[in-house]
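Each residue of the sequence shown is one higher than the last, beginning at 121 in the working numbering.
It is worth saying that the hints were derived from the structure and are not from the lab. There could be a bad hint or two in this list.
As the list claims (entries may be wrong) - Computed beta-carbon distance windows for the label pairs: (1) Gly-253 <-> Asn-175: 24 to 30 Å; (2) Ser-214 <-> His-307: 23 to 29 Å; (3) Phe-149 <-> Ala-261: 35 to 41 Å; (4) Lys-172 <-> Met-252: 19 to 25 Å; (5) Asn-175 <-> Lys-196: 37 to 43 Å.
Claimed, not checked - BS3-like, lysine-lysine: derived pairs with alpha carbons at most 30 Å apart: (6) Lys-248 <-> Lys-225; (7) Lys-145 <-> Lys-171; (8) Lys-225 <-> Lys-241; (9) Lys-206 <-> Lys-145; (10) Lys-250 <-> Lys-145.
Cβ coordinates follow ideal geometry from the N, Cα and C atoms, glycine included.
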Amino acid sequence: LKEIHQKSTSQQLETDLIDFTRFAKNGVFDLVYFDESGISLKPVIPYGWIKKGENRRLLSSDRRRLNILGFLNVNKEITPYVFRGKIDSDVVISCIDAFASQIKKYTIVVLDNASIHHSRKFRGHVEKCKKMGLELFYLPAYSPELNKIEILWKQMKYHWMTPTSYSDLDTLEQALYECLRNIGTKHVINFV
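Build out the structure end to end from the sequences listed, making use of the hints.
As structure tokens, this is what we get:
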């Protein structure tokens, strides 16, 4: 992997990711996609259908939100961490450490180039990640389509959550957990 980080082209990184996926599916090592997301009381349902002449209004607030961090592997299994509060380097590091304590073999963690993934504190944690069996693989800039868990967050927000999920923060949290519990049964992942 050392030479992978020295390669600079976006195309080469995409090719490496395809190879990683193949090796992971063959059990050589594990490959997981990592990302953070926020879900606020401001619903992201872009439109809806109502009878002609009717008006519907969905009250919302965009101040309070839930944050979710997660790891999605190539077997479509998710390890989520949901909480109220802001995401900072300490939170990301804690979630990575919690995840690392569960791994059974060498694991490549695919992540984007968010500033939180390059903070001084996070960079200082990279060597500990390696000692725990995690190798960090940064995607090319502006390539959310390559981070499969970003696609999962979009599916959850735009397709699996309903307008009634956004009535208050407790209801939203309950709906989010319900959505996460139903991944693989009611909510099918077909993009990994």
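A quick look at each hint next to the structure:
1. Gly-253 <-> Asn-175: 24 to 30 Å: violated, 56 Å
2. Ser-214 <-> His-307: 23 to 29 Å: At 27 Å between Cβs, range holds.
3. Phe-149 <-> Ala-261: 35 to 41 Å: 25 Å Cβ-Cβ, so the 35 to 41 Å window is violated.
4. Lys-172 <-> Met-252: 19 to 25 Å: The hint (19 to 25 Å, Cβ to Cβ) is violated, given that Lys-172 and Met-252 are roughly 59 Å apart.
5. Asn-175 <-> Lys-196: 37 to 43 Å: holds, 40 Å
6. Lys-248 <-> Lys-225: holds, 16 Å
7. Lys-145 <-> Lys-171: violated, 48 Å
8. Lys-225 <-> Lys-241: With a Cα-Cα distance of about 25 Å, the restraint between Lys-225 and Lys-241 holds, given a limit of 30 Å.
9. Lys-206 <-> Lys-145: Violated, at about 34 Å.
10. Lys-250 <-> Lys-145: holds, 21 Å
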